[in-house]
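S.K.: With the hints as extra help, turn the sequences into a complete structure.
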Amino acid sequence: MKTVHFKIKRQLDKNSRPFWEDFEVPYRPGMNVIIALLDIAKNPVTKSGKKTTSIAWDCNCLEEVCGACTMVINGKVRQSCSALVDQLEKPIRLEPMSKFPVVRDLKVDRQFMFDALKRVKAWIPIDGTYDLGPGPKMSDQDQQTGYKLSQCMTCGCCVEVCPQFNDRSEFIGAAALSQVRLFNLHPTGKMQKEERLAAIMGEGGIEDCGNSQNCVKVCPKEIPLTTSIADLNRDTTLFALKKIFQG
Amino acid sequence: MREWLKKNNFLVRKIHSLLGIFPVGVFLTEHLITNSFATFGPEVYNEKIEWIQSMPYLFALEVGFIFVPLLFHALFGFVFLWAWKDNSSRYRYARNWLYTLQRVTGIIAFVFIGYHVWEFRIETALNGKPVDFELVANEMVNIRAFLFYIVGISATVFHFTNGIWSFLVHWGITVGPKSQRIAGYVCAGLGVALLYIGLDALWAFR
Ligand code: HEM
Ligand code: SF4
Chain A
1 MKTVHFKIKR
11 QLDKNSRPFW
21 EDFEVPYRPG
31 MNVIIALLDI
41 AKNPVTKSGK
51 KTTSIAWDCN
61 CLEEVCGACT
71 MVINGKVRQS
81 CSALVDQLEK
91 PIRLEPMSKF
101 PVVRDLKVDR
111 QFMFDALKRV
121 KAWIPIDGTY
131 DLGPGPKMSD
141 QDQQTGYKLS
151 QCMTCGCCVE
161 VCPQFNDRSE
171 FIGAAALSQV
181 RLFNLHPTGK
191 MQKEERLAAI
201 MGEGGIEDCG
211 NSQNCVKVCP
221 KEIPLTTSIA
231 DLNRDTTLFA
241 LKKIFQG
Chain B
1 MREWLKKNNF
11 LVRKIHSLLG
21 IFPVGVFLTE
31 HLITNSFATF
41 GPEVYNEKIE
51 WIQSMPYLFA
61 LEVGFIFVPL
71 LFHALFGFVF
81 LWAWKDNSSR
91 YRYARNWLYT
101 LQRVTGIIAF
111 VFIGYHVWEF
121 RIETALNGKP
131 VDFELVANEM
141 VNIRAFLFYI
151 VGISATVFHF
161 TNGIWSFLVH
171 WGITVGPKSQ
181 RIAGYVCAGL
191 GVALLYIGLD
201 ALWAFR
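If you read the protein sequences in the order shown, they are chains A and B. Sequential numbering from 1 applies to the first sequence in the numbering used here. Sequential numbering from 1 applies to the second sequence in the numbering used here.
Hints listed in this document are in silico derivations from the structure and should not be mistaken for laboratory results. Note that CB positions come from ideal geometry on N, CA and C, so glycine has one too. Careful: at least some of the hints might be erroneous.
[Unchecked claim] According to the in silico footprint, chain B covers these stretches of chain A (three or more CB under 8 angstroms from chain B):
# : region
1 : 165–174
2 : 198–204
3 : 207–214
4 : 222–235
M.R.: See the structure below:
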């Protein structure tokens, strides 16, 4: 029987030391990494025949739109649902993302990503005491730009590869910045444009970007993150000048 | 200090970036071109040096346009290096390499400029030694000093010209990938030109 060799970095809880285990999984044509992990879960025995605990990991949509199954595969961060075994170098090495706290094994806590969206006010406030009526129309061009940006699934690949994002920095990361561009582009969202710009001009904001441009290379949704950042660089610069000269 | 820096992150980073171009980068360019007069021989070079040394308000100009901006840029440069966790060997993209080089050359430039200013500006002033072609030529006889200068000039020129690219993004001047790519070529061309000017002048002292 044809098998595939996996090396998996495990960690039993947040604070324990990581260790590696080897697994041999039956090969199936067209299989992805998730299928292998499901197989290991059914029968958690290592390559050398030792019984072990099953591996924890996250997954949900299985079509690269939710971001939950993101992990580091053969040294590069990506979604495990779209990582096809046939296209990967063997043995296949699986590690949890390194920039988030590990919950267990390959499962990490990406709360930072969602908190970042809150920090930058990545929403459009429309609640009120009366009906505000329909908002202004959005140009076709802005719709096209915005649609691309709206595809972000908060997976965290962009911050995983960012050399400026780590435990010594406060940097908020490319995903949240790009969402500021999205909401500032929206004709109703524009009304809070300056609030969002102010939010990314503080600590850990846009200035902490160091232009390594890794984010745009790895974003699975091919979001033009570096364009978003440069665009916001322009907006924040103009906003700062406005504050200086109109203040 | 930490709290102040956090609160004024935007302003400090923008000043850091601006000073890298003006006046520090502009002075670097002027400095390399002035030194090229060495290729016309010691007499011409010494004449130019004397002209600069005879400028009014020279000390104020040096302090205001060179020492203070350079120190501001360098010291905050080191502060910003704190958040740098390199991954250019894992994620081997051209821009990631340039990002890393920008930081490494910043550190080299600091060591190089520190030494250079010490030996040709501060030490000479303290000892009352004349600064002229002969002084530099005597130093460059030493092969180790000469090699150190080659590395130092290359690193500084790279840091400045790649820094122009970075500046253009940082201020939202080049926004899309195409404009950033073209800016990359222009900065590379400028880098090669400045490097040639710098090294050609250096050779003239040998
Ligand atoms: C001749 C001297 C120097 C010149 C002309 C120069 C110029 C520049 C320029 C133009 C930038 C780009 C700014 C931007 O991204 O907006 C830059 C960035 C930088 N410089 Fe310098 N620099 C010099 C010396 C130094 C020194 C001595 C250091 C000390 C380590 C340093 C550290 C840095 C750092 C860390 C950055 C990156 C900032 C960031 O992207 O966050 N530089 N420099
Ligand atoms: S911007 Fe791209 S890489 Fe970053 S979280 Fe969103 S989808 Fe993931």
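S.K.: The structure should be examined with respect to each hint, and the outcome stated for every one.
M.R.: Here's how the hints hold up against the structure:
With 5 residues carrying a beta carbon less than 8 angstroms from a beta carbon of chain B, the region 165–174 of chain A meets the three-residue requirement, and the given coverage holds. Check result for the region 198–204 of chain A against chain B: holds, 4 residues qualifying (beta carbon to beta carbon below 8 angstroms, three or more required). Evaluation of the coverage hint for the region 207–214 of chain A: fulfilled, as 7 residues show C-beta separations to chain B shorter than 8 angstroms, against a requirement of three. Counting residues of the region 222–235 of chain A whose CB lies closer than 8 angstroms to any CB of chain B gives 10, which reaches the minimum of 3, so the coverage claim holds.
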